Amino acid sequence: MDKNKANGFMIDLSTPPKTMLTMQGQKTVYYAKLVESNQDEDEELELDFVFHSSDHLRYENGRRVSGPHGGAPRAVKVEANISGNEGYTVTMFNTDGGQAVIQMAPKQMKLVGIDNEKIQLKGYGRDAMGASFADYGLTIYLDDGNIEKCILHMFDRNVDIEYLP
Amino acid sequence: MSIQNWKNKIIKGRQFDAFNYDQESLNHKVYPYAMVCLVVDDNTMIAVGSDPLSP
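If you read the sequences in order, they're chains B and G.
Taken in order, the first sequence gives residues 1 to 165; the numbers are from the numbering used here.
Taken in order, the second sequence gives residues 1 to 55; the numbers are from the numbering used here.
Fair warning: there could be bad hints in the mix.
Said to hold, decoys possible - Lysine-lysine pairs mimicking DSS-like chemistry, simulated, CA-CA at most 27 Å apart:
no., chain 1, residue 1, chain 2, residue 2
1, G, Lys7, B, Lys18
2, B, Lys122, G, Lys7
3, B, Lys77, B, Lys18
To be verified - If you anchor each label on the Cβ, the simulated ranges turn out as follows:
no., chain 1, residue 1, chain 2, residue 2, range
4, B, Met154, G, Ser25, 40 to 48 Å
5, B, Ala105, G, Gln15, 29 to 37 Å
6, B, Met20, G, Gln4, 18 to 26 Å
7, G, Lys7, B, Ala128, 18 to 26 Å
8, B, Gly130, G, Ser25, 47 to 55 Å
Claimed, not checked - Under 10 Å between C-beta atoms, here's a sample of chain B residues computed to sit facing chain G:
no., residue
9, Leu34
10, Val78
11, Ile82
Everything labelled a hint here was simulated from the structure, so no lab data went into it.
Bear in mind that the values here come from a model prediction, so they are computed numbers and not experimental data.
Ideal Cβ positions, reconstructed from N, Cα and C, are used throughout, including at glycine.
If we strip away everything but chain B, and leave its shape as in the complex, we get (with noise of 0.2 Å):
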């Protein structure tokens, strides 16, 4: 399958799905067909939104600590990589009172998991002063094709933040 990785597949409905029985109980299989044929390995997931949060709640060491707030909005911006290098740029802003505050410099990072639930980041290089980006990372949760939150991870301090719609 890895040379199919960046294909595209799309549910075959010509072809009727199958039942049968499986020795985990009886199943319906779909058959896809390639329809997307993209041989290059290294194609990247196009990442370019902007998400919206309402509120947020802060987790140290998995315990949560704070939040949420009564209304505190944030935007997380993923983008690709500003400085052209691999990957993306995540930057995290403020935008109480209708402004766009800049919360968090961006960081660079890299897609490192991705399946039908969630995107997974991770920071990776150093900035201009010599921090580590990959004391942190994001993980964007997928509902339906549509980002339903978003946890910004920050490993160095085991905090997690979550970024609600």
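Knowing the structure of chain B, use the given hints to seat chain G on it.
Below, chain G without anything else, positioned relative to chain B:
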């Protein structure tokens, strides 16, 4: 997610799981011929191809 969410949508290859069953296990489990599937829910799955070696 139900199967309806997957219809008429392009599914990236990286979303599929490679089960890597050998032919004997496939036959034993009566799984579809394909070894590459995406499990939608307990009762539904999407398979790529109909050849045990594909894709």
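Do the hints match the structure? See the list:
1. G:Lys7 x B:Lys18: It holds: about 16 Å lies between the C-alpha atoms, which stays within 27 Å.
2. B:Lys122 x G:Lys7: violated, 31 Å
3. B:Lys77 x B:Lys18: violated, 43 Å
4. B:Met154 x G:Ser25: 40 to 48 Å: Check passed, 43 Å falls within 40 to 48 Å.
5. B:Ala105 x G:Gln15: 29 to 37 Å: Holds - the Cβ-Cβ distance for Ala105 of chain B and Gln15 of chain G, about 32 Å, lies within 29 to 37 Å.
6. B:Met20 x G:Gln4: 18 to 26 Å: holds, 21 Å
7. G:Lys7 x B:Ala128: 18 to 26 Å: violated, 48 Å
8. B:Gly130 x G:Ser25: 47 to 55 Å: holds, 52 Å
9. Leu34: Holds, about 7 Å.
10. Val78: Since chain G brings no Cβ nearer than about 18 Å to Val78 of chain B, farther than 10 Å, the hint is violated.
11. Ile82: This interface hint is violated because 25 Å lies over the 10 Å limit.
Hint violations for this structure: numbers 2, 3, 7, 10 and 11, all remaining hints satisfied.
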